[in-house]
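Engineer: So the protein sequences, as listed, match chains C and F. The opening position of the first sequence corresponds to residue 1 in our numbering, with each subsequent residue numbered one higher. The opening position of the second sequence corresponds to residue 1 in our numbering, with each subsequent residue numbered one higher.
Since the hints were made in silico from the structure, they are not lab data. Virtual Cβ for every residue (Gly too), placed ideally from N, Cα, C. It cannot be assumed that every hint is accurate.
Claimed, not checked - Each computed DSS-like pair below joins lysine-lysine, with the alpha-carbon atoms no more than 27 Å apart:
no., chain 1, residue 1, chain 2, residue 2
1, C, 208, C, 61
2, C, 61, C, 48
3, F, 208, F, 391
4, C, 391, F, 61
5, C, 241, C, 294
6, C, 391, C, 208
7, C, 208, F, 208
8, F, 391, C, 391
9, F, 208, F, 294
10, C, 59, C, 208
11, F, 391, C, 15
12, F, 208, C, 216
13, C, 208, F, 48
14, C, 208, F, 294
15, C, 59, C, 48
16, C, 391, C, 303
17, C, 216, F, 15
18, F, 59, C, 216
19, C, 15, C, 216
20, F, 48, F, 59
21, F, 15, C, 391
22, F, 241, C, 216
23, F, 48, F, 61
24, F, 216, C, 15
25, C, 59, C, 216
26, F, 294, C, 391
27, F, 208, F, 59
28, F, 208, F, 61
29, F, 216, F, 391
30, F, 15, F, 216
31, F, 241, F, 294
32, C, 15, F, 303
To be verified - Residues of chain F clear of chain C, computed beta-carbon distances all greater than 10 Å:
no., residue
33, 79
34, 83
35, 165
36, 183
37, 227
38, 302
39, 357
40, 390
Protein chains: 2
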Amino acid sequence: MDIEQYMHTLGQQAKAASRILARASTQDKNHALLTIASAIREAADTLKQQNALDLVAGKAKGLDAALLDRLELTDSRIEAMAEGLEQIASLVDPVGEISNMRYLPSGIQLGQMRVPLGVIGIIYESRPNVTADAAGLCLKSGNATILRGGSEAIHSNQAIAHCIQRGLELAGLPTTAVQVVETTDRAAVGQLITMSEMVDVIVPRGGKGLIERVSKDARVPVIKHLDGICHVYIDGQADLKMAEDIAFNAKCHRYGVCNAMETLLVDSRIAEQILPILQQRYDAESVELRGCDKTRAILPMIKVASDEDWDTEYLAPILSIRVVDGVDEAMDHIHQHSSGHTETIVTDNYSTASRFLAEVDSSSVMVNASTRFADGFEYGLGAEIGISTDKIHARGPVGLNGLTSQKWIVLGTGQVRV
Amino acid sequence: MDIEQYMHTLGQQAKAASRILARASTQDKNHALLTIASAIREAADTLKQQNALDLVAGKAKGLDAALLDRLELTDSRIEAMAEGLEQIASLVDPVGEISNMRYLPSGIQLGQMRVPLGVIGIIYESRPNVTADAAGLCLKSGNATILRGGSEAIHSNQAIAHCIQRGLELAGLPTTAVQVVETTDRAAVGQLITMSEMVDVIVPRGGKGLIERVSKDARVPVIKHLDGICHVYIDGQADLKMAEDIAFNAKCHRYGVCNAMETLLVDSRIAEQILPILQQRYDAESVELRGCDKTRAILPMIKVASDEDWDTEYLAPILSIRVVDGVDEAMDHIHQHSSGHTETIVTDNYSTASRFLAEVDSSSVMVNASTRFADGFEYGLGAEIGISTDKIHARGPVGLNGLTSQKWIVLGTGQVRV
Chain C
1 MDIEQYMHTL GQQAKAASRI LARASTQDKN HALLTIASAI REAADTLKQQ NALDLVAGKA
61 KGLDAALLDR LELTDSRIEA MAEGLEQIAS LVDPVGEISN MRYLPSGIQL GQMRVPLGVI
121 GIIYESRPNV TADAAGLCLK SGNATILRGG SEAIHSNQAI AHCIQRGLEL AGLPTTAVQV
181 VETTDRAAVG QLITMSEMVD VIVPRGGKGL IERVSKDARV PVIKHLDGIC HVYIDGQADL
241 KMAEDIAFNA KCHRYGVCNA METLLVDSRI AEQILPILQQ RYDAESVELR GCDKTRAILP
301 MIKVASDEDW DTEYLAPILS IRVVDGVDEA MDHIHQHSSG HTETIVTDNY STASRFLAEV
361 DSSSVMVNAS TRFADGFEYG LGAEIGISTD KIHARGPVGL NGLTSQKWIV LGTGQVRV
Chain F
1 MDIEQYMHTL GQQAKAASRI LARASTQDKN HALLTIASAI REAADTLKQQ NALDLVAGKA
61 KGLDAALLDR LELTDSRIEA MAEGLEQIAS LVDPVGEISN MRYLPSGIQL GQMRVPLGVI
121 GIIYESRPNV TADAAGLCLK SGNATILRGG SEAIHSNQAI AHCIQRGLEL AGLPTTAVQV
181 VETTDRAAVG QLITMSEMVD VIVPRGGKGL IERVSKDARV PVIKHLDGIC HVYIDGQADL
241 KMAEDIAFNA KCHRYGVCNA METLLVDSRI AEQILPILQQ RYDAESVELR GCDKTRAILP
301 MIKVASDEDW DTEYLAPILS IRVVDGVDEA MDHIHQHSSG HTETIVTDNY STASRFLAEV
361 DSSSVMVNAS TRFADGFEYG LGAEIGISTD KIHARGPVGL NGLTSQKWIV LGTGQVRV
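The shape of chain C in the complex, shown without the other chains (with noise of 0.2 Å):
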């Protein structure tokens, strides 16, 4: 097999699909999504042998528990499946929007209209449900899609491809408009990061790792967020139980994501008032603690903080947690430890709270709330294709706007530059 041609065949039909997507109707593309729901409902048993032969071949390669966990189809995974599809069909179709429409002197009317990408590459890990999202989020919003899974999901991703190809061809859409990649070989890859004239942007899901490798070699367009390093800082100000509850909400949630808090700031004033209370929380939930000096001189039994500890996402239960002199003493540790992602402020100050919205530069800033509410979900947006961490384009939770860009339209009666 030739990779780059093959790539390259997947891009121009993709490419030539894209055109047919932009214009389809709200309605097609709704009928397109319950049909592969449909169809993904009707396949369980075949989707749940085919993903057996992956969890075969996984088990013999040696793969972990974790890995074979998140690789597994069950009943329940593939009804959500089925369901995540229903529930973008019933989002607002972004495509289309006119906004901002004025006349300027002119006499020309002057407009942003919301029109989709184009095609859109997603390379993700061992999870074959992202097949399904991410075909469904890039459909709604016009844009076709190459999708390239592990190779560790092959037969999985096969089988969910299949079910989508058959929704699109009863929706009477093209049905290169989702295409999966058949091949295992890395060079798949590589060749659709570069396919700048066939490719408009690439979102990469996964480990930190493969998010790198994409970045680094890719010559179109990423979406990306490499770390969640999130900080919760408690300001002298704060209402101390709604810091406790935010600060431990933030930690204990959930520890494997990546909105949940990384590193714990807190302002001297209330440094001796709440850290006791917070680690009798933490300690509960056996939250292992690093602190700074200033920590350990209120906490002495908790362990030492490392240079390294301020910019680790531990995606476990374990805390570092860092005294600081203030709201400017917090922010330029956030400023410097950072990935950019959520940052919250607990404080009742007015002034501190709008300081802290302003100057943090993280995809999402929030007052006196947890950071575990930087999701799409609950943001409204109904679903997620990432969150980017980068600053052009779409910042924070990735819904269906991020995958669309607004182009200039004029309207005019017969007007002419002078």
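Model the placement of chain F on the given structure of chain C, informed by the hints.
Structural biologist: Just chain F now, kept in the frame of chain C:
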């Protein structure tokens, strides 16, 4: 001089300055802009003296007349620079604008706040006025800038930089907010476009060669446009007088600009009526016409358009003309040959106009107006840093908003995820 170390230092200084600029008040930024404008006016003699050094060196190097003209700083050009800065001061500050604040079911309030991108690298060629324009737009939008002008303008650029430094200092802003690279070593560009930890966006301004080189090697996102291959399509149901005026204006208003028409598409239903009239008007301006076979069947004396013509940005009094069968064939041609800059349809048919607006995938799509309107000033942006033909982030004329992004902000009253 160690270029890598030098550029690294500029980058770190810019990053530090960007935090201060991001929180600078509108008043302080405007004060700096006005002070820079005064400093430029006061330094007119020095600017012309330094510019003379560049002109003498340029002549000695054998630069052509067009390049020497772009390089020259006359009294009126110096005044235009100062006025440009005053105009930027009068624009609305985009930073801090909050939009779409709404309550979500969880009780949090969610919105988006417009914030600067951070550090912007500008790479440009001979015209020294770009130094003041670009610095002004970046300053107003709260971004730090590193400017790398052409080596042929080094004395002029340094002299303008000196005025900018003075203005920043008098306004109490860090002088490192705008830094002009002092070396003409090309390695400095290579550094600038790959320092992704310190530079957030690169804007190349200049010829296609420069932009291609920068884009090819950049590891930092680039806001760019390569070509302006703009089309006018005259539909069979157009008002022929309107069509004639628009087709004439789009080509002949100015030749060397990116929003000038390069290819005219004419519906076969009205080609015989309108082409002879247009030929007369173009002949009067000595515009060279090159046509497809169908065009030449009507205008037999004109040259043959080769395959290459459809992909050429003439920037000259040359026009390629193609007769097409209706809007579908016109859009197919545009899809294949357009650079994604600007396309216009002239029609009085509602459905045809709607389809053209929705389906043509260019940064500006127009109905019954000249392509020449695709411009930051005409769009009311006040000024533009460039025109983007990329699909993500900003499309078309990029003004102050294109130098910013939107972060999510959350206002809570103690909410945690349940």
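Engineer: Check the structure against each numbered hint from earlier and tell me which ones fail, lowest number first.
Structural biologist: Violated hints (numbers, rising): 4, 7, 9, 13, 14, 16, 18, 22, 25, 26, 32, 39 and 40; every other hint is consistent with the structure.
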